[in-house]
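Peer 1: Take a look at the letters that make up each chain.
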Amino acid sequence: MEFTPNDAPAIEFRHVSYSLNNTHELVRDLNLTISRGETLVLLGRSGSGKTTTLKLVNHLLTPSAGEIVVDGRPLTEWDVIRLRRIIGYVIQEGGLFPHFTVGSNIGLVPKIEGWPATRIENRVRELLQLVGLSPDVAGRYPSQLSGGQRQRVGVARALAADPPFLLMDEPFGALDPLTRAELQTEFLALQNRLRKTIVFVTHDLREALLFGTRIALMEAGQLVAIGTKEEFEKSTHPFVVAYREAFRTQGGQP
Amino acid sequence: MNVWQFMLQNRLEVLDLTLEHLWLVGVSTLLSVLIGVPLGIWITRWPGLNKPILGTANVIQTIPSLAFFGFLLPAPWIGTRADRLAILALTLYALLPLIRNTCAGIKGVDPAVVEAGRGMGLTDRQLLFQVELPLALGVIIAGIRVATVISVGLATIAAAIGAGGLGEYIFRGLAMVNNSVILAGAIPAAAMALLADVGLGWLERKLSPN
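Residue numbers (the numbering used here), protein chains in the order written: chain A, 1 to 254; chain B, 1 to 210.
These are calculated hints, taken from the structure and not from any lab test.
Please note: incorrect hints may appear among the correct ones.
What the hints assert, rightly or not - Derived coverage of chain B by chain A (criterion: at least 3 residues anywhere in the stretch with Cβ under 8 Å from a Cβ of chain A; other residues may be distant): (1) 41-47; (2) 108-116; (3) 168-182.
Said to hold, decoys possible - A partial selection of chain B residues facing chain A, derived with a Cβ cut-off under 10 Å: (4) G26; (5) G119; (6) M120.
Claimed, not checked - In silico lysine-lysine, DSBU-like type, Cα no more than 30 Å apart, as pairs: (7) B:K206 x A:K229; (8) B:K51 x A:K111; (9) B:K206 x B:K107; (10) B:K51 x B:K107.
Cβ coordinates follow ideal geometry from the N, Cα and C atoms, glycine included.
Kindly generate the complete structure, drawing on both the sequences and the hints.
Peer 2: Right, here's the structure in full:
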C-alpha cells in the first residue's frame, strides 16, 4: 500500500469536538496523540464517546470542530477512500457481508486493489491461519460460522491488505466469556507480532489492561484520564478510581 | 355455450389477446424497473428527494385507471397508439412499489454491514453494487412481483382505449351480457397473474441472502 512511515505521530486529535445536529456534543475538545506502534485503548461506559472518537479517525464521522491528523497529514487533505484502505476496521460481531463467503469477505479489499487471484487466495489462506482458522472455512458463509469464528474472520478481513493502522470497536464484546478469553489471548500474541498502531475501544477494564500500551478513560464525551497501565492502576483520579472499583466489586465482570 | 367451449373455438384469438396482454405487462414492467430501481437508489442517496418522489408516485397510484388512460389520450406520439398509451400508464402505476421496495430494501441492509464496508474503504458505487443491491435484491424482486400482479389486472382496462389484451373479452362480454366471454378474458388473466406471482416469488426466495 502507498504508505511511507515518517516521524510524525500516527494519529493526533487537536481540539476535536463532534456534535449531532449542532446540539448534543458527543465528543468535546479532545486532545490526544497516538504514537506509531502503540495500542491505545479508549475505555469508558456506554455513551461516553469512545466509539464516536474511533469513527472520527477513519472519517466515518466528520468533526464539527478541531482537526485530526493521521500520519502527519490533516484528515481534510486525505482522500477518504485511500485513508480507509490503510486503516483496518474491526467491529463487534464482525460486520461480515452475509452474501459473501469467508474467502470473499477477506479478499474484498485486495480484489478492489487489483491483486491477482492467486495472490488473494494465498493471502486469504495465510490470514485464516493467522487468526486460527482452518483454510477450508474460506468457502463457507458467515451464517455457517460461530460467533467466535465470525469475529476471527472480521480481524482477518481488517488485516487483508496489511494496513499499518487498526481500529477495533469492542471486537470481543459479543462473545461468551470462554471464547472471549480465548480470542483475547490469541489477539495479544497477534498484536506483538504485527506491531500495528491500534486504537481499541472497550468498556472492559481487564481488556484495557491486557492490550493497552496506554489507556484513555472517557466520560461524557471528554477525555478524563490517560496513562500507561501502571499509571492507570495507581491513579487517584476520581473517575479512574470509580471505574476500578466498579470492576472490583463485580469480580471483573462488566 | 360455456367458457371452455368458447375458448376452444376461439383459441387463436385467445392466444393473440394473451400475447398482447403479455406484451403490455412485460414492456411496462421492464420500463418501470429501469426507471423505478434507479429512482429508489437515488432517494437513499438524497433523502430530501424521498418525499417528492414517493409522493408523486403515490398520487399517480390514486388516479383511477380508466381516467388515467383517458387523460393520456391527447399526449403527442404516445396518444397516437393505444398500446403505447397503455404501456405508459401501466409503467407509471408500477413505479410506486418499485421505488418504495428498492428504497426499503437498501435501507433495510444491516447498518453494521454497511458501516463495515464504508470503513474498509469501499467507494459509494462499490458499496452499492457489491453490498447494498445484492442484499436488497429479495425486497426489490418482491416489489417487481407486486407491480407485475397489479399490472396484469390493470392491463385488462387498457382494452377500453383499444389497446387490446384480454380486457377485450371482458368488455365485449360485458356489452353482450355474456359471462362465458367475460370469463374467457378473466381466466387467462388470472392465470397469468398467478403464474407471475409464483414465478417471481420463487425468484425472490432464491435471490434473498441467507
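Peer 1: Taking each numbered hint in turn, which are not upheld by the structure, reported in ascending numerical order?
Peer 2: 1, 3, 4, 7, 8
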